[in-house]
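**Student:** Single-letter residue listing:
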Amino acid sequence: MELLKMDGITKAFYGVTVLDRVSLSVNRGEVHALLGENGAGKSTLMNILAGVHSKDNGLISFDGREITQHSIKSAEQHGIAFVHQELNIFNDLRVYENVFLGKELTGPLGRLRKKEMVDQTSALMGKLGVDIDPMEYAGSLDTGKKQLLEIAKVLQGEAKLFILDEPTTALNNEEIERLFFIIRRLKNAGKSFIFISHKMPEIFRIADRFTVLRNGKLVVSNDIKHTTPEEIARHMVGERYSSDVGYEERTAGVAIIEIQQLSGRRFHNVNLTVKKGEIIAFTGLEGAGCSELLQTIFGVLQPHSGRLLIYGRSLQPHSIRSAMKLRIAMVPASRKENSVIPDLNLLENTYLSEHAIHSRQKFIFKKRELQTYEELRKKLAIKAGSYRDMITSLSGGNQQKIILARSLRTNADLILFDNPTQGIDIGAKHEIYKLILELAKQGKTIIVNTLEMTEIQKIADRCAVFYRGTITAILNREDINEERVMLHATNAIVPEERSAAENERQL
Amino acid sequence: MSVNYKHLWSNYNYIIVFIGIFIAFLFTNGSGTSWTSMTNILLHSAILGTIALGMGFIILTGDIDLSVGSSFVLVGGLTIIVYNQVDNIFAGLIIAILLGMVCGFINGVLVGWLLMPSFIVTLATMLIFRSISQYMMNERGETRYSVDGSLSSYSALFKLGNGELLTLPVIGIIFICIAVALTYISSSTKFGKRVYALGSNPRAAKLAGIDIHWTRIKVFLLSGALVGFAAFLKIAKDTSFDPATSGQNFELYAIAAVVIGGISMSGGRGKVASIVFGTMSFTMIDKIITAVGMNALLNDSVKGLILLAAVGLQMVKRQSRSG
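Sequence lines, in order, name chains A and B. With the numbering used here applied, the first sequence covers 1 to 507. With the numbering used here applied, the second sequence covers 1 to 323.
Just so you know, the hints here were simulated from the structure itself, not pulled from any lab data. Glycine included, C-beta positions come from ideal geometry on N, C-alpha and C. One thing to keep in mind: the hints can contain errors.
[Claimed, not checked] Computed list of lysine-lysine pairs in DSSO-like fashion (alpha-carbon distance at most 27 Å, straight line):
id : chain 1 : residue 1 : chain 2 : residue 2
1  : B       : K271      : A       : K367
2  : B       : K287      : A       : K366
3  : B       : K218      : A       : K362
4  : B       : K271      : A       : K366
5  : B       : K237      : B       : K206
6  : B       : K237      : B       : K303
7  : A       : K336      : B       : K206
8  : A       : K441      : A       : K379
9  : A       : K362      : B       : K271
10 : B       : K287      : B       : K271
11 : A       : K325      : B       : K206
12 : A       : K441      : A       : K325
13 : B       : K206      : A       : K366
[To be verified] Some, not all, of what chain B presents toward chain A, calculated at C-beta under 7 Å:
id : residue
14 : S188
15 : T189
16 : K193
17 : Y196
18 : A197
19 : S200
20 : N201
21 : A204
22 : L207
23 : G209
24 : I212
25 : G268
26 : R269
Based on the sequences and whatever the hints tell you, model everything.
**Tutor:** Structure representation (structure tokens):
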């Protein structure tokens, strides 16, 4: 039975049509995947449904009634709950305070009924099978737990339809399982979900039906059973889709980084040699130490013990600037916090790093800068208007390319990518894979930390799998497959296999 | 096209505020308006404006400096003591700038290296600097620091502070030159871009390889040098410093001038050139109050209201832009 029907929804901002007669229908007790690249119109459609934006045209009916006067408040009253992609958690409040924020239970004279709230939060967490202490400060939770808290906050209410916008980006596999378990249970109780995600495998596991948008238009809507990931990708990207990113066999050169018994924040006793021209993937569950090792190589973090030799030299103390002078660059994780400088324009965002290491020359020669910028923009196929545009006006994929351009401008030979395709659509992902392979072909060395299997399989020569801060396996390209990586990443290997894995590592 | 208009509107609204106040100034002065009354705006903006330029850089990095009024007085007093001994204008200027940089360095190290919050650090040094200045005065048994009128360079100094060049006040011209130089530094040098990057997103700036500690210290050094320069201009103009009243509330006036100029208090956004307009807007308010014969005690009330109005205007625009 139909719960939500959106029909012929049209919306334009400043004369630009972002939604063109889009329809969407969601049944009771259904998980509906809403798919499309960044900029396809998913967010606008969901914002209209949640009452954030008004529609220019079209009909919305919910629970058998047509919705005319729509606002955030009326959406809530109708029973539409929205879990936004950005976390709305207050770090300085305790978990139960976050859950009850704005709807606190109060007694006479506005006294807070603290114990009741704590108990109810406890019960909620128990019901959802989430191990979070209600008295803990939200700031001390890791990102995955914060995301679960955000979801729990919404699930606590009596909504009929839940919109989950990329809910799994910060979750590890175990947490994703738990979330899916919760979704399935609520689904069986008749609740509906609109599920937005860029991760294809999980869509096929959780969704019943799907709708694909492209450039503000409805492309297809169907049962998930009648399609394949390949087909959906083609629908999302359109004609320019090709799953082959052009991996070619290359021969690796001399060793440029030697890591011996290195320990640091969240990793210990790591041994690894990186050769020139290689693409190595680091992978592991969230918090396995891959990101910290990358940051240590880049000089953001200091090693605690062991040896880190870069071009045969051990740097004491290591710093970001000493790493950059050795031609190492990093594209950090969490673009918004760690990379994007929102008040600088595109040109300024690209030349920043190069200027930081070549500071003897004090002045900026704009003509020369512009020329380099244009070359990089073409090479990386950055879709942008004027160089004066603010970086925040670009889509996630193009922002990431600007950050990559920033790294390339420093003439780096070794480029570290920390979760480079986070929150980026399929089309842009493939372009970034191609760029990485192209850079390797030119002799640059690449280390990519990623949680995505497809990414590893598409580009990596070797893959180092981390489990709780140690490398449990280094797999060669032909041995990389999802099952084997997961076994090592969860350390779920029986002893005989482990000794085989040890041998593998010796080689 | 409409987007471009909006861009212009939000980037240059400090000029609109300036023109609005300027019209009010012309209106209230009526027939009394003369070229001199207008160049006086420049003259009376020069000292505060020089300090505000340094404050602008600090605010662009996302920090604040509450100690400028106190270091202004401390540097001014010490410079007069030294100047009375050496009797040389150039040496006096250099000493003022160096002493200002010492004050800035103290703030800079505490904020940049020891990572203490700038609000607290400069609140503390604000108290310390003025107290030292008053204590020294008290020890000398005088009530104010004055330049010795019998010095051979006295008349040249006085002429520098009160003379005119092509009908424009000399210290006003100096102020404009400094403003032009700093505008260039902020918009066309690597240091300038680093200041914006640091204020906009310190974490990303650090990961992009910028030495954010040293950049912070440099900005405080720059601000200190400008405070020293301003102290020297004040010596040339008034030939004396009163540790109890000189530079009183200057830190707040300088912040106000920066804010009226449209620079964001959270850092990273705004134009250094706008500080010139912000300061002159602020000076004109004084003149308007005098012209309409209002009680001088209401001066700060009017300034406060204008500040609220200017910021309110910027907020309204920002919201209409994002909506």
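**Student:** Taken at face value, is the distance from the CA of A:K362 to the CA of B:K218 at most 27 Å?
**Tutor:** It holds: about 14 Å lies between the C-alpha atoms, which stays within 27 Å.
**Student:** Mind checking the alpha carbons of A:K336 and B:K206 for me, to see if they're no more than 27 Å apart?
**Tutor:** Between A:K336 and B:K206 the Cα gap is close to 14 Å, so the pair holds against 27 Å.
**Student:** Is the Cα-Cα distance between B:K287 and B:K271 27 Å or less?
**Tutor:** holds (25 Å)
**Student:** Return the status of the interface hint for B:A204: holds when the least beta-carbon distance to chain A is below 7 Å, violated otherwise.
**Tutor:** holds (5 Å)
**Student:** Are B:K206 and A:K366 close enough, with their CA atoms no more than 27 Å apart?
**Tutor:** holds (23 Å)
**Student:** Checking one constraint from the list: CA of B:K271 to CA of A:K367, max 27 Å. Satisfied?
**Tutor:** holds (22 Å)
**Student:** Tell me if B:Y196 is really an interface residue toward chain A, meaning its C-beta lies closer than 7 Å to one of theirs.
**Tutor:** holds (6 Å)
**Student:** Would the hint on B:S200 stand, with a C-beta cut-off of 7 Å toward chain A?
**Tutor:** holds (4 Å)
**Student:** Please verify that hint: B:R269, Cβ, nearest Cβ of chain A, below 7 Å or not.
**Tutor:** At 5 Å from the nearest chain A Cβ, B:R269 passes the 7 Å test, so the hint holds.
**Student:** Next pair to validate is A:K441 with A:K379; report whether the Cα-Cα distance is within 27 Å.
**Tutor:** holds (15 Å)
**Student:** Does the interface hint hold: is B:T189 within less than 7 Å of chain A, judged Cβ to Cβ?
**Tutor:** This hint holds: B:T189 lies near chain A, its Cβ roughly 6 Å from the closest one there, short of 7 Å.
**Student:** When the nearest CB of chain A is found for B:L207, is that gap smaller than 7 Å?
**Tutor:** holds (5 Å)
Consistency note: the structure conflicts with the earlier hints numbered 2, 5 and 24.
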